[in-house]
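Trainee: Sequence lines, in order, name chains A and B. Every position in the first sequence, counted from 1, becomes a number in our numbering once 437 is added. Every position in the second sequence, counted from 1, becomes a number in our numbering once 437 is added.
Calculated from the structure, these hints are not laboratory results. Where hints are given, some of them may not hold.
Any copy will do: because identical chains look the same in the list, a pair fits if it lies in one copy or spans two.
To be verified - Here are the simulated lysine to aspartate or glutamate pairs, EDC-like style, with alpha carbons at most 16 angstroms apart:
#  : residue 1 : residue 2
1  : Lys545    : Asp659
2  : Lys754    : Asp468
3  : Lys668    : Asp727
4  : Lys754    : Glu597
5  : Lys668    : Glu651
6  : Lys541    : Asp659
7  : Lys754    : Asp742
8  : Lys545    : Glu482
9  : Lys623    : Glu485
10 : Lys623    : Glu699
11 : Lys754    : Asp503
12 : Lys623    : Glu465
13 : Lys623    : Asp648
14 : Lys754    : Glu482
15 : Lys623    : Glu597
16 : Lys545    : Asp662
17 : Lys754    : Glu694
18 : Lys741    : Glu485
19 : Lys545    : Glu465
20 : Lys623    : Asp502
21 : Lys741    : Glu725
Please read all numbers here as calculations on a predicted model, not as lab measurements.
Here is what each chain is made of, one letter per residue.
2 protein chains.
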Amino acid sequence: MSRAYNFSAGPATLPEPVLRQAQSEMLEWRDAGASIVEISHRGPEFLEVATSAERALRALLSIPDDYAVLFTQGGATTQQALIPLNFAQPGQPADYVVTGHWGKTALKQAGPYVATHVAASSEADGYRNIPARSTWQFAADAAYVHITANETIHGVEFREIPDVGDVPLVADFSSSIASEPLDIGKFGVIYAGAQKNLGPVGISVTIVRRDLLERAGQPRADIFDYRSQLKGESMLNTPPTWNWYMLGLTVQWMLDEGGVAEFAQRNARKSALLYSAIDESGGFYRNEVDPAVRSRMNVPFFLKDEALDKPFLSEAKDAGLIALKGHRVIGGMRASIYNAMPEAGVQALADFMRDFMRRHG
Amino acid sequence: MSRAYNFSAGPATLPEPVLRQAQSEMLEWRDAGASIVEISHRGPEFLEVATSAERALRALLSIPDDYAVLFTQGGATTQQALIPLNFAQPGQPADYVVTGHWGKTALKQAGPYVATHVAASSEADGYRNIPARSTWQFAADAAYVHITANETIHGVEFREIPDVGDVPLVADFSSSIASEPLDIGKFGVIYAGAQKNLGPVGISVTIVRRDLLERAGQPRADIFDYRSQLKGESMLNTPPTWNWYMLGLTVQWMLDEGGVAEFAQRNARKSALLYSAIDESGGFYRNEVDPAVRSRMNVPFFLKDEALDKPFLSEAKDAGLIALKGHRVIGGMRASIYNAMPEAGVQALADFMRDFMRRHG
């Protein structure tokens, strides 16, 4: 087939202009005599790529100067272990608000290092809502409060930043970073694997309020130390240069397209289109998430009749719509519609869903 | 310029056929409807890429069945922290043989987790030799003995596997893996960043004797646990799929070229060519490493007159020979000549060196 509309949850679709540029530079980057993936991370060529990427990301996300940006490996999951190591005393309490699968993962990774405390959870409700802020119960002397801004599997998203007082708010933004304007100053730490909204898999972004880097944390290898990573310009080990380069291209593409304000509008239109197709299907399709906290990035839905799942996926593929199978944790379908998914792709999916319903309803 | 002979120490030159294939598949991998970097790591397409890469690597390196292979992120440096976490009790002694910069790094990363014990070091000699095995002094009850098989900066390489008895031998093979046949059965753990001899930066290979995975190790996050990584098929976090794919292409290229036996011969010829150009220069060029342990992968050398360093680098670049500047730790020049560096490139460098000497000697 040719390029399809790809609804993969991550690794996810990339902007075609970014792929075309990477393709044209695969044998030689500018006049470097080699590909960007073949040259030293410490040479002037790659340093330009790295600093341009950070500059573009700071511009895109309006990152204040009192926040450091780290580009590291190991995905968001590794950050979930490094955050307690860097910001909590051994065994100190840390609050976790669990609103889906990835919040549970964060809790699990932190387990060996802090007294994890669930301040709120929607597990009993099947992660279909977000517990009201007024019901959250914090631990005394917590090192931080952790939330998952958008739950990729359960399709649940914080639509406002919760006020947690003076305790630093730490947030996994893997699947919604750069999807709309965000007041970074309200957070202590924001982290995100790049493979959803920032570019390719294989690199993560961690945005840290600099004063938090003065915390002692707990014994850890230098490679696990955010201060060392910052001092070493995210090059304590050889960084994933191609992935960093691709992130830079993707971020620049987002700036060129109009930045997060523009994407906020597109994402609102795109998600409204899909939720309408679901809600107006008379139960043929259903999404069970509290409408107030439905994700604009990941739209999970179920068909009334499970026996139609296979035909749905197969006919969708024939229509050039791929990667719609839901995560094995909850089944059903899921359309991930990050910044790089064009509105035409979402329109095509909504049209297909209506047509499929007409034929199988 | 067009593609040059690139002597970068890592990220390093890749086989041109690999780059061309990646280029041709950048917009769409086979008939997946998307690039390999845009599709799910858990889908059948990428799983085929991942398992093919492991199968090819096992064939290339003759990895015995009682060894597991992990594909992870964070470079060799991260493995240097994970190895004590997984294989040593808290504070248990571990022996380190330090024969260059990277051996020291390994020692540093392990520091918070084990009682690091330097069994032997050539630091006093400026890392120009490898201490004779008979002089090594082991700690009692050491969890393992760690060596750096090839020191990328100092250009020192173990030319035979040291016998350390029943204690597992752990080796950083980042810069010499797959450069010649190796009896993996003599090691407990072999690890390597891929960006020198195995393909692109951004992915690491860890080969672990399976019985070692039964060791308790010490408290650690699940993402830092080799057993969990193995159980999770190296997908506890979203793996760097493009890098894994590129590793697979590079390994397959090595198999197609004749495998490690063939590369051993090429590498012997390539390094002999360069060391001859140095040794026969009457002191115009010099390499200070004990000839018995000179690296076949990284050839550091100094010009008699430091003032010639700049003209050397500049004229080399004009001749299509790039990335010859030595590492800042020791200065001078360095030619890294991994498997993907063709013999013609090394011949061109040797010819250039002789010509440069004639003109500046």
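Trainee: At most 16 angstroms between CA atoms: does that hold for Lys754 and Asp742 within a copy, between copies, both, or neither?
Mentor: Neither. Shortest intra-copy (19 angstroms) and inter-copy (66 angstroms) distances fail the 16 angstroms Cα cut-off.
Trainee: From the Cα coordinates, with 16 angstroms as the cut-off, is the pair Lys754 and Glu694 best called within, between, both, or neither?
Mentor: Neither way: Lys754 and Glu694 sit 28 angstroms apart in one copy and 38 angstroms across, limit 16 angstroms.
Trainee: Give the relationship of Lys623 and Glu465 under a CA distance limit of 16 angstroms: within one copy only, between copies only, both, or neither.
Mentor: So Lys623 and Glu465 fail the 16 angstroms test inside a copy (42 angstroms) and across (40 angstroms) alike.
Trainee: Measure nothing new, just compare the shortest in-copy and cross-copy C-alpha distances for Lys545 and Glu482 to 16 angstroms and report within, between, both or neither.
Mentor: neither (40 angstroms within a copy, 30 angstroms between copies)
Trainee: When Cα atoms must be at most 16 angstroms apart, do Lys754 and Glu482 count as within-copy, between-copy, both, or neither?
Mentor: between (41 angstroms within a copy, 15 angstroms between copies)
Trainee: Can you give me the call for Lys545 and Asp659, within, between, both or neither, at a CA distance of at most 16 angstroms?
Mentor: between (23 angstroms within a copy, 8 angstroms between copies)
Trainee: Checking an output row: Lys754 and Asp468, CA cutoff 16 angstroms. Within, between, both or neither?
Mentor: So Lys754 and Asp468 pass the 16 angstroms test across copies only (12 angstroms; inside, 41 angstroms).
Trainee: Quick one: Lys668 to Glu651, C-alpha cut-off 16 angstroms, is that within a copy, between copies, both, or neither?
Mentor: within (13 angstroms within a copy, 36 angstroms between copies)
Trainee: If the cut is 16 angstroms between Cα atoms, do Lys741 and Glu725 qualify within a copy, between copies, both or neither?
Mentor: within (12 angstroms within a copy, 75 angstroms between copies)
Trainee: Within, between, both or neither: how does the pair Lys545, Asp662 come out at a Cα-Cα threshold of 16 angstroms?
Mentor: between (20 angstroms within a copy, 13 angstroms between copies)
Trainee: Using 16 angstroms as the alpha carbon limit, work out where Lys741 and Glu485 are close: within a copy, between copies, both or neither.
Mentor: neither (52 angstroms within a copy, 33 angstroms between copies)
Trainee: Pop the pair Lys623 and Glu485 into one bin, within, between, both or neither, using alpha-carbon distances up to 16 angstroms.
Mentor: neither (30 angstroms within a copy, 43 angstroms between copies)
In summary, the structure is inconsistent with hints 3, 4, 7, 8, 9, 10, 11, 12, 17, 18, 19 from the numbered list given earlier, while agreeing with the others.
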